[in-house]
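Trainee: Heads up: the protein sequence lines correspond to chains Y and E, in order. First residue of the first sequence? That's 1 in my numbering, and the numbers climb one at a time after it. First residue of the second sequence? That's 1001 in my numbering, and the numbers climb one at a time after it.
Treat each hint with caution, since some may be false.
The list that follows gives simulated cross-link-like pairs (lysine-lysine, DSSO-like), each with its CA atoms no further than 27 angstroms apart [said to hold, decoys possible]:
#, chain 1, residue 1, chain 2, residue 2
1, Y, 184, Y, 346
2, Y, 48, Y, 203
3, Y, 334, E, 1031
4, Y, 203, Y, 346
5, E, 1031, Y, 340
6, Y, 39, E, 1031
7, Y, 203, Y, 72
8, Y, 17, Y, 249
9, Y, 184, Y, 203
10, Y, 346, E, 1031
11, Y, 72, Y, 48
12, Y, 346, Y, 334
Among chain E residues calculated to face chain Y with C-beta under 8 angstroms, some are [unchecked claim]:
#, residue
13, 1001
14, 1006
15, 1008
16, 1019
17, 1022
18, 1025
19, 1027
20, 1032
21, 1051
22, 1055
23, 1058
These aren't lab readings, by the way, just hints derived from the structure by calculation. Note that the coordinates shown come from a computational prediction; the quantities given were computed from them, not determined experimentally. Using N, Cα and C, we set each Cβ at its ideal position, and we do this for glycine too.
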Amino acid sequence: MEGSYLLLRHRDFPGIKDLDEYRRLGGFQAFRRAVTSMKPAEVTEVVKASGLRGRGGAGFPTGVKWSFIDNKAWPHYVVANADESEPGTFKDREIMEGNPFQFLEGVALAAYAIQANAAYIYLRGEFWHIAHQLDQRISELEESGLLGDRLSGTDYSLRIYTHLGAGAYICGEETAMLESLEGKLGQPRLRPPFPPSFGLYGKPTVVNNVETLTNVPLIVERGAEWYRGFGTEKSAGVKIFSLSGCVNKPGNYELPLGTTFRELIYEHGGGIVGGAAIKAIMPAGASSSLIVATEEALDTPMDYESVPNVGAALGSASVIVVDETVSIAWLVDKTIRFFKHESCGKCTPCREAHSG
Amino acid sequence: MMHLTRRISAGETSWEDVELLRDVANQVRGKCLCALGEFSIEAVTTGIQRFEGDFRQSVIAGETELTPMATD
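For reference, chain Y alone in the conformation it holds in the complex (with noise of 0.2 angstroms):
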């Protein structure tokens, strides 16, 4: 059953985060069907052909990072980055309270994909009723057959855990996430190797943001050329936009990719607070270039090629406003002050640059 929109689709189907209503809407369909007649490569290749790419910040093709799974070295993990510690970044936080069984399988479709037995969730520590949460939905799919040993007859097995972090933004970035994982203190590990050929435990590995997961059931149910019809030729599909600053109406915005910041501030957004004028735009929260507001700039369409045109990048297209009331020292010291609390410590230029 189709509504108006991918990822949010609790605001179609608000009841959608009970299984038996997102069963009826079809959910669970892509993962029996890849689990009963889909090769595991069958499905790295529709969502490399989808054009999906990660919706974490990196923007790295899905499909691409799947086939890097090194097969010479088992067993193969899946990590769901849920730590969503970006300031101005609440999407995920929000498909998971209200859509959470796509973004299960998401996860589940992706662990086949890679042939993981074992997925992780993990999640900041401030995320910790939302782990309750799914830690119960996870039972209920393990009480319907959709999780466990052997599922639907074939000797594929797969279980979910969740993980709470403990509230460290370094945790975000994959490597410090896998440390944490594994217990150890949560800082970056130097790469290559990457994970998906020295990960979790040292094996290979696939990290994925929540919501890159959760576009993958579509995308299996529905078929690469279908996600294609949404979003530019590069930056295929659609994109939650987190908008918040110096706005009217701030919140969550699932939008093609390639919408233009005008459109997102004024048509979605309802304009600035007060009538004011715009003057910098964070496109990728506080981790994010500042982008001056010209007409050129907000005119700008939101995809991975364009943004870097206007001197940012899209990273996880958490939108943060700067009307003209707002000094840019102050936004940068704001900025700093959040980076030094913050900085893991371990690269000795970032630990001593944020508190000196």
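Given the coordinates of chain Y, work out where chain E should sit on it, guided by the hints.
Mentor: Using the frame of chain Y, we list chain E on its own:
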């Protein structure tokens, strides 16, 4: 950088501190293991480059305010 940005934001400094802040931020680039360290200085470098007037205004406002204190 935190001490510099605090002083600049509060106007308790001179333009030399803004230049020092920019230099320190540029020293971080390319020297961190992770993207979080790498991108932590983007707001500083692009802020000073693209919104120089805000930093000048902050410094000037501070000097004006500081004058009575300096002569007391």
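Trainee: Confirm or reject each hint.
Mentor: Tested hints:
no.	hint	in the structure
1	Y:184 with Y:346	holds (13 angstroms)
2	Y:48 with Y:203	holds (22 angstroms)
3	Y:334 with E:1031	holds (23 angstroms)
4	Y:203 with Y:346	holds (23 angstroms)
5	E:1031 with Y:340	holds (16 angstroms)
6	Y:39 with E:1031	violated (42 angstroms)
7	Y:203 with Y:72	holds (10 angstroms)
8	Y:17 with Y:249	holds (25 angstroms)
9	Y:184 with Y:203	holds (16 angstroms)
10	Y:346 with E:1031	holds (11 angstroms)
11	Y:72 with Y:48	holds (22 angstroms)
12	Y:346 with Y:334	holds (22 angstroms)
13	1001	holds (5 angstroms)
14	1006	holds (6 angstroms)
15	1008	holds (5 angstroms)
16	1019	violated (14 angstroms)
17	1022	violated (11 angstroms)
18	1025	holds (7 angstroms)
19	1027	holds (6 angstroms)
20	1032	holds (4 angstroms)
21	1051	holds (4 angstroms)
22	1055	holds (5 angstroms)
23	1058	holds (4 angstroms)
Of the numbered hints stated above, those contradicted by the structure are hints 6, 16 and 17, listed in ascending order.
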